[in-house]
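Colleague: Here is how the chains run, residue by residue.
There are 2 protein chains.
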Amino acid sequence: MYRSHTCGELRQENIQQTVTLSGWVQRSRDLGGMTFIDLRDRYGMTQLVFNLEDNSELCMQARKLGREFVIQVEGTVIERSSKNKNMPTGDVEIVVTSLRILNGSKTPPFTIEDDTDGGEELRAKYRYLDLRRNAVLQKLKLRNKVALETRKYLDNEGFMDVETPYLIKSTPEGARDFVVPSRMNGGEFYALPQSPQTFKQLLMVSGIDRYYQIVKCFRDEDLRADRQPEFTQIDCEMAFVEQEDILNTFEGMIKHLFQEVKNVTFDGAFPRMTYADAMHKYGSDKPDIRFELEFVYLTELAQNKGFSIFDNSEAVIAINAKDCSEYTRKQLDALTDWVKRPQIGASGMVYVKFNNDGTIKSSVDKFYSQEDLQAWGKLAHAEKGDLLLVLSGTLEKTRKQMNELRLHMGDELGLRNPNVFKPLWVMDFPLLEWDEDSQRFFAMHHPFTSPKAEDLHLIDSAPGDIRANAYDLAMNGVELGGGSIRIHDRELQSRMFDLLGFSKEDALAQFGFLMNAFEFGAPPHGGLAFGLDRLVATMDGSDSIRDYIAFPKNNSGRDVMIDAPSPLDESQLKELQITLDLK
Amino acid sequence: MYRSHTCGELRQENIQQTVTLSGWVQRSRDLGGMTFIDLRDRYGMTQLVFNLEDNSELCMQARKLGREFVIQVEGTVIERSSKNKNMPTGDVEIVVTSLRILNGSKTPPFTIEDDTDGGEELRAKYRYLDLRRNAVLQKLKLRNKVALETRKYLDNEGFMDVETPYLIKSTPEGARDFVVPSRMNGGEFYALPQSPQTFKQLLMVSGIDRYYQIVKCFRDEDLRADRQPEFTQIDCEMAFVEQEDILNTFEGMIKHLFQEVKNVTFDGAFPRMTYADAMHKYGSDKPDIRFELEFVYLTELAQNKGFSIFDNSEAVIAINAKDCSEYTRKQLDALTDWVKRPQIGASGMVYVKFNNDGTIKSSVDKFYSQEDLQAWGKLAHAEKGDLLLVLSGTLEKTRKQMNELRLHMGDELGLRNPNVFKPLWVMDFPLLEWDEDSQRFFAMHHPFTSPKAEDLHLIDSAPGDIRANAYDLAMNGVELGGGSIRIHDRELQSRMFDLLGFSKEDALAQFGFLMNAFEFGAPPHGGLAFGLDRLVATMDGSDSIRDYIAFPKNNSGRDVMIDAPSPLDESQLKELQITLDLK
Numbered sequence: 032m033y034r035s036h037t038c039g040e041l042r043q044e045n046i047q048q049t050v051t052l053s054g055w056v057q058r059s060r061d062l063g064g065m066t067f068i069d070l071r072d073r074y075g076m077t078q079l080v081f082n083l084e085d086n087s088e089l090c091m092q093a094r095k096l097g098r099e100f101v102i103q104v105e106g107t108v109i110e111r112s113s114k115n116k117n118m119p120t121g122d123v124e125i126v127v128t129s130l131r132i133l134n135g136s137k138t139p140p141f142t143i144e145d146d147t148d149g150g151e152e153l154r155a156k157y158r159y160l161d162l163r164r165n166a167v168l169q170k171l172k173l174r175n176k177v178a179l180e181t182r183k184y185l186d187n188e189g190f191m192d193v194e195t196p197y198l199i200k201s202t203p204e205g206a207r208d209f210v211v212p213s214r215m216n217g218g219e220f221y222a223l224p225q226s227p228q229t230f231k232q233l234l235m236v237s238g239i240d241r242y243y244q245i246v247k248c249f250r251d252e253d254l255r256a257d258r259q260p261e262f263t264q265i266d267c268e269m270a271f272v273e274q275e276d277i278l279n280t281f282e283g284m285i286k287h288l289f290q291e292v293k294n295v296t297f298d299g300a301f302p303r304m305t306y307a308d309a310m311h312k313y314g315s316d317k318p319d320i321r322f323e324l325e326f327v328y329l330t331e332l333a334q335n336k337g338f339s340i341f342d343n344s345e346a347v348i349a350i351n352a353k354d355c356s357e358y359t360r361k362q363l364d365a366l367t368d369w370v371k372r373p374q375i376g377a378s379g380m381v382y383v384k385f386n387n388d389g390t391i392k393s394s395v396d397k398f399y400s401q402e403d404l405q406a407w408g409k410l411a412h413a414e415k416g417d418l419l420l421v422l423s424g425t426l427e428k429t430r431k432q433m434n435e436l437r438l439h440m441g442d443e444l445g446l447r448n449p450n451v452f453k454p455l456w457v458m459d460f461p462l463l464e465w466d467e468d469s470q471r472f473f474a475m476h477h478p479f480t481s482p483k484a485e486d487l488h489l490i491d492s493a494p495g496d497i498r499a500n501a502y503d504l505a506m507n508g509v510e511l512g513g514g515s516i517r518i519h520d521r522e523l524q525s526r527m528f529d530l531l532g533f534s535k536e537d538a539l540a541q542f543g544f545l546m547n548a549f550e551f552g553a554p555p556h557g558g559l560a561f562g563l564d565r566l567v568a569t570m571d572g573s574d575s576i577r578d579y580i581a582f583p584k585n586n587s588g589r590d591v592m593i594d595a596p597s598p599l600d601e602s603q604l605k606e607l608q609i610t611l612d613l614k
Numbered sequence: 032m033y034r035s036h037t038c039g040e041l042r043q044e045n046i047q048q049t050v051t052l053s054g055w056v057q058r059s060r061d062l063g064g065m066t067f068i069d070l071r072d073r074y075g076m077t078q079l080v081f082n083l084e085d086n087s088e089l090c091m092q093a094r095k096l097g098r099e100f101v102i103q104v105e106g107t108v109i110e111r112s113s114k115n116k117n118m119p120t121g122d123v124e125i126v127v128t129s130l131r132i133l134n135g136s137k138t139p140p141f142t143i144e145d146d147t148d149g150g151e152e153l154r155a156k157y158r159y160l161d162l163r164r165n166a167v168l169q170k171l172k173l174r175n176k177v178a179l180e181t182r183k184y185l186d187n188e189g190f191m192d193v194e195t196p197y198l199i200k201s202t203p204e205g206a207r208d209f210v211v212p213s214r215m216n217g218g219e220f221y222a223l224p225q226s227p228q229t230f231k232q233l234l235m236v237s238g239i240d241r242y243y244q245i246v247k248c249f250r251d252e253d254l255r256a257d258r259q260p261e262f263t264q265i266d267c268e269m270a271f272v273e274q275e276d277i278l279n280t281f282e283g284m285i286k287h288l289f290q291e292v293k294n295v296t297f298d299g300a301f302p303r304m305t306y307a308d309a310m311h312k313y314g315s316d317k318p319d320i321r322f323e324l325e326f327v328y329l330t331e332l333a334q335n336k337g338f339s340i341f342d343n344s345e346a347v348i349a350i351n352a353k354d355c356s357e358y359t360r361k362q363l364d365a366l367t368d369w370v371k372r373p374q375i376g377a378s379g380m381v382y383v384k385f386n387n388d389g390t391i392k393s394s395v396d397k398f399y400s401q402e403d404l405q406a407w408g409k410l411a412h413a414e415k416g417d418l419l420l421v422l423s424g425t426l427e428k429t430r431k432q433m434n435e436l437r438l439h440m441g442d443e444l445g446l447r448n449p450n451v452f453k454p455l456w457v458m459d460f461p462l463l464e465w466d467e468d469s470q471r472f473f474a475m476h477h478p479f480t481s482p483k484a485e486d487l488h489l490i491d492s493a494p495g496d497i498r499a500n501a502y503d504l505a506m507n508g509v510e511l512g513g514g515s516i517r518i519h520d521r522e523l524q525s526r527m528f529d530l531l532g533f534s535k536e537d538a539l540a541q542f543g544f545l546m547n548a549f550e551f552g553a554p555p556h557g558g559l560a561f562g563l564d565r566l567v568a569t570m571d572g573s574d575s576i577r578d579y580i581a582f583p584k585n586n587s588g589r590d591v592m593i594d595a596p597s598p599l600d601e602s603q604l605k606e607l608q609i610t611l612d613l614k
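Residue numbers (our numbering), protein chains in the order written: chain A, 32 to 614; chain B, 32 to 614.
Honestly, the hints are just simulated from the structure, not real lab data. A few of these clues could be false.
If several chains are the same, the list does not tell them apart, and a pair holds so long as it fits within one copy or across any two.
Derived pair list, reagent style DMTMM-like, types lysine to aspartate or glutamate, alpha-carbon separation capped at 25 Å [said to hold, decoys possible]:
hint, residue 1, residue 2
1, 293, 186
2, 247, 180
3, 156, 536
4, 286, 510
5, 353, 388
6, 605, 253
7, 317, 536
8, 392, 364
9, 247, 594
10, 172, 186
11, 614, 601
12, 137, 536
13, 397, 275
14, 353, 192
15, 535, 442
16, 312, 84
17, 293, 188
18, 183, 40
19, 431, 253
20, 286, 180
21, 156, 520
22, 137, 537
Put together the whole structure using the sequences plus the hints.
Modeller: Okay, here's the thing in structure tokens:
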């Protein structure tokens with residue numbers, strides 16, 4: 032061992048002890064005849080002292096140490112004359128008696144501090160140095176703790192960790208697969224799993240009635256800021272359960288994690304809301320319910336008053352921004368510009384100010400009387416001092432846009448406290464989603480989700496109205512996870528593939544093994560998967576998953592540190608019997 | 032919940048309780064007016080009783096249930112008149128009052144019993160049914176337990192679980208990579224990791240001084256019976272440690288696992304042996320030390336007596352099979368045939384019987400006097416009743432062959448008790464291995480392994496003689512894991528790449544990020560990786576890793592259950608900008 036203690040460990044009770052520490056030089060200061068060095072490791076920081084008078088050679092050596100040098104020191108723990116209450120080791124310091132340089136360091140390209148001077152790209156290239164920063168290290172520590180507590184909880188609940196394969200089979204349904212050419216089976220490819228879905232269902236057929244795995248999944252999608260080509264799922268499945276059992280089990284897991292990791296207690300059961308209600312009230316299937324700003328449907332009140340934009344809209348939706356009637360022209364213009372950005376896509380925004388003096392002022396005064404606006408205000412529970420923000424258009428688009436505006440206002444008004452956690456089960460998702468482009472239904476969750484028994488009669492007449500036994504856990508506007516009760520009947524599964532436009536042959540070729548399995552005694556089962564990256568980020572009050580991944584990829588799917596992907600040797604391509612056909 | 036209890040749970044104290052069970056019909060027997068069904072789930076088996084007289088309709092229903100039907104029953108727990116001491120639930124049975132068929136089952140293609148009638152191929156195709164067999168389920172349970180206890184131990188020792196990426200960069204060094212074409216970066220490829228080696232070293236540079244991960248690794252090798260294209264490693268790394276610290280930490284881990292999982296205690300420290308000694312005594316770098324049969328070098332004694340085969344051999348090596356002098360001609364012929372099989376490749380075998388009557392009889396009596404053979408016997412500590420088996424040839428080949436013969440004799444003589452566990456640290460591996468074909472050195476462990484400081488002077492004169500700070504943990508003839516102290520100095524790492532025949536450009540292109548990292552304060556570090564599949568198999572006294580993998584691949588790298596790999600859609604290939612070039 033290169034140390035007797037870590038740099039975060041020494042306290043008053045260690046005074047007079049001879050200790051050996053190893054770590055990185057965080058900073059050094061020369062004060063008259065003294066040199067002070069802050070020595071850093073994963074566990075903390077300890078102050079080292081060198082006295083020019085007592086040992087000039089050693090002190091001169093210390094003065095030559097640069098930032099991020101790796102050193103080993105031996106010395107005696109003494110009490111600090113000026114204690115540092117901000118450091119756990121701030122009561123003591125080490126009078127160094129011997130110093131050994133374990134490795135030198137060039138000057139790092141950015142400072143290893145909480146607030147670094149390195150830009151994102153530079154830090155990505157030198158991710159191994161970025162990880163030395165305490166702010167980043169703490170995120171990985173949090174992730175480690177969440178993962179282990181997840182395992183402890185699930186093990187305690189009788190779940191078995193079973194590894195499923197990474198080299199599986201490509202299926203065109205869903206997102207795009209990453210594929211792996213097989214050298215031993217020329218012309219054939221494996222696919223990397225988008226999730227272990229079919230395997231965990233097979234495990235239920237096998238009788239392993241409680242399965243979990245913390246597992247990497249892969250999707251070859253065009254990346255957005257909060258997506259990664261590889262991501263980690265807490266993947267779970269249970270047999271002989273009803274939906275209620277699954278919700279209870281994983282509500283328990285989330286409560287356990289917040290208790291153990293964040294010391295946050297949730298009182299009572301998590302609230303629940305149907306998908307239909309969530310869309311109606313918040314225009315989102317993962318509403319942030321830390322704050323109100325519920326949708327108010329003005330459609331009926333606002334139409335047939337001569338304002339053609341509203342008259343031609345399927346929906347006129349408002350939110351009531353409490354105490355915002357004194358928003359300035361400039362603020363309102365900024366909001367209008369914000370909703371008109373292409374990412375939101377609204378064509379405009381109407382406002383109605385309920386002034387403190389009792390008057391009402393709106394951007395559509397030309398078309399609406401004070402009584403008209405009063406009626407709007409009544410519906411929206413607007414009081415003096417409030418501000419209505421109104422968007423209109425088709426129902427679906429307006430809801431989406433208003434969801435964005437609502438979250439934006441939540442941010443502006445400071446209603447989204449990152450230290451407040453509001454879980455919400457969103458229930459009864461639709462089974463199918465109609466895709467205009469391909470003129471066919473897609474599975475909203477996945478093709479293995481079971482329809483609600485009471486909606487099954489709609490299967491021919493109105494399949495789009497069938498609700499599924501599917502549920503998501505949302506928190507603070509983020510989808511933490513989701514799942515469903517699965518189909519366990521071959522006939523029904525086959526029916527689902529029909530609905531989704533699979534030919535019998537395709538369904539068999541791709542999922543025959545699962546449908547066959549259903550013929551040998553498949554138990555009723557269901558499950559759920561959480562996104563670990565997102566769960567950890569949400570627990571930490573952040574919305575960037577990338578920060579919680581040790582070695583993330585950038586928006587082009589590149590690892591800029593190791594410079595991957597990269598071209599292959601010609602011989603490798605040849606062995607795989609593939610050639611490039613670059614456009 | 033479809034059950035109030037599992038099928039492994041009910042005992043005497045539950046008598047008179049009304050319970051609900053769910054599970055699979057293992058077997059049913061009709062005895063006069065009674066029908067008995069064994070209901071099975073992951074937790075065990077419980078006997079159900081139906082009485083024709085009491086409830087004829089229910090009993091008739093029960094008589095129609097086939098094997099592997101999934102049913103739910105309600106009933107009352109009663110004491111069994113004839114108790115079954117072999118079943119944990121054997122004191123009780125359930126008088127069923129209601130029965131619900133949750134799913135039917137076709138007759139399975141093989142019996143779901145410990146001793147099944149299904150062949151290997153059939154069981155692989157229906158792996159989800161194979162996993163229902165208790166013998167297989169127990170293996171997955173064991174694996175689950177070993178993995179969790181590994182995490183507990185390492186977490187307790189301050190190790191952090193950090194996930195490293197799966198989509199990395201291909202390097203031609205080592206085994207063949209599986210590669211993944213990047214759609215977003217046309218013409219470029221990711222590689223799947225053969226191990227997280229460089230990433231864990233970067234984590235050490237980052238200051239995460241104790242890292243672990245239970246992680247899938249990938250090697251595109253031609254498969255042998257005990258190899259899989261994807262396998263699982265317990266991957267670990269530590270900084271600020273010396274070799275001794277690593278050995279102690281992981282010796283502790285193995286002791287912990289055997290204690291917690293097998294209730295096996297190891298007394299004292301694990302024995303250690305140098306690589307050189309292991310090769311000399313056993314012809315193997317992972318000797319099975321459950322038994323002796325140490326190599327005896329007869330070379331000097333056996334040469335120059337007119338037996339040209341020995342005279343022309345670099346080495347003449349014997350093992351002394353105790354108490355085997357009465358081996359018959361047939362047995363000796365069988366052994367000779369065994370060593371002459373192409374897998375072993377010996378050209379013949381010489382035996383010397385030390386008969387109980389004091390005479391000595393050998394297959395080379397023509398060339399050697401009784402005194403000559405007496406001298407052999409003395410060297411080999413042979414006594415009356417013993418049998419020497421002798422192989423000869425080049426040193427390297429003869430050692431390899433004799434290692435195989437030794438293990439074979441260990442099996443034949445019942446010396447390899449699967450319930451006896453003998454760990455052994457094999458130390459001081461050579462740094463380099465000369466490859467005749469390519470006329471160059473390869474790294475025996477990997478290019479990041481550090482040479483022993485005291486051997487560094489050989490770097491120009493005799494690089495093949497340099498020993499490395501590298502160690503393996505062997506147990507019962509199996510390599511459980513291995514590791515090394517790494518290089519943490521850019522200059523030395525660069526030197527190693529030279530030795531291995533890398534051009535400066537190639538070394539930089541492939542490992543530049545690591546060498547650069549070494550310039551920013553890399554701490555001394557080292558680590559170790561265990562093969563989880565093999566560890567679990569060894570703990571279970573088995574040598575087939577495939578049995579311990581939920582969904583293994585066959586010898587052609589195929590998953591015959593899901594039928595992967597498989598051809599891709601033309602459109603997928605097009606998106607990836609690759610074409611097939613099949614020979």
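Colleague: Evaluate each hint against the coordinates.
Modeller: Verification of the supplied hints:
{"no.": "1", "hint": "293 / 186", "result": "both (21 Å within a copy, 19 Å between copies)"}
{"no.": "2", "hint": "247 / 180", "result": "both (18 Å within a copy, 21 Å between copies)"}
{"no.": "3", "hint": "156 / 536", "result": "between (48 Å within a copy, 19 Å between copies)"}
{"no.": "4", "hint": "286 / 510", "result": "within (16 Å within a copy, 42 Å between copies)"}
{"no.": "5", "hint": "353 / 388", "result": "within (15 Å within a copy, 109 Å between copies)"}
{"no.": "6", "hint": "605 / 253", "result": "between (29 Å within a copy, 17 Å between copies)"}
{"no.": "7", "hint": "317 / 536", "result": "neither (37 Å within a copy, 51 Å between copies)"}
{"no.": "8", "hint": "392 / 364", "result": "within (15 Å within a copy, 108 Å between copies)"}
{"no.": "9", "hint": "247 / 594", "result": "both (21 Å within a copy, 22 Å between copies)"}
{"no.": "10", "hint": "172 / 186", "result": "both (21 Å within a copy, 11 Å between copies)"}
{"no.": "11", "hint": "614 / 601", "result": "both (18 Å within a copy, 16 Å between copies)"}
{"no.": "12", "hint": "137 / 536", "result": "between (62 Å within a copy, 22 Å between copies)"}
{"no.": "13", "hint": "397 / 275", "result": "neither (53 Å within a copy, 85 Å between copies)"}
{"no.": "14", "hint": "353 / 192", "result": "neither (49 Å within a copy, 46 Å between copies)"}
{"no.": "15", "hint": "535 / 442", "result": "neither (50 Å within a copy, 53 Å between copies)"}
{"no.": "16", "hint": "312 / 84", "result": "neither (73 Å within a copy, 60 Å between copies)"}
{"no.": "17", "hint": "293 / 188", "result": "both (21 Å within a copy, 22 Å between copies)"}
{"no.": "18", "hint": "183 / 40", "result": "between (27 Å within a copy, 22 Å between copies)"}
{"no.": "19", "hint": "431 / 253", "result": "within (21 Å within a copy, 53 Å between copies)"}
{"no.": "20", "hint": "286 / 180", "result": "both (11 Å within a copy, 24 Å between copies)"}
{"no.": "21", "hint": "156 / 520", "result": "between (51 Å within a copy, 20 Å between copies)"}
{"no.": "22", "hint": "137 / 537", "result": "between (59 Å within a copy, 23 Å between copies)"}
Comparing the model with each numbered hint stated earlier shows that hints 7, 13, 14, 15 and 16 do not hold.
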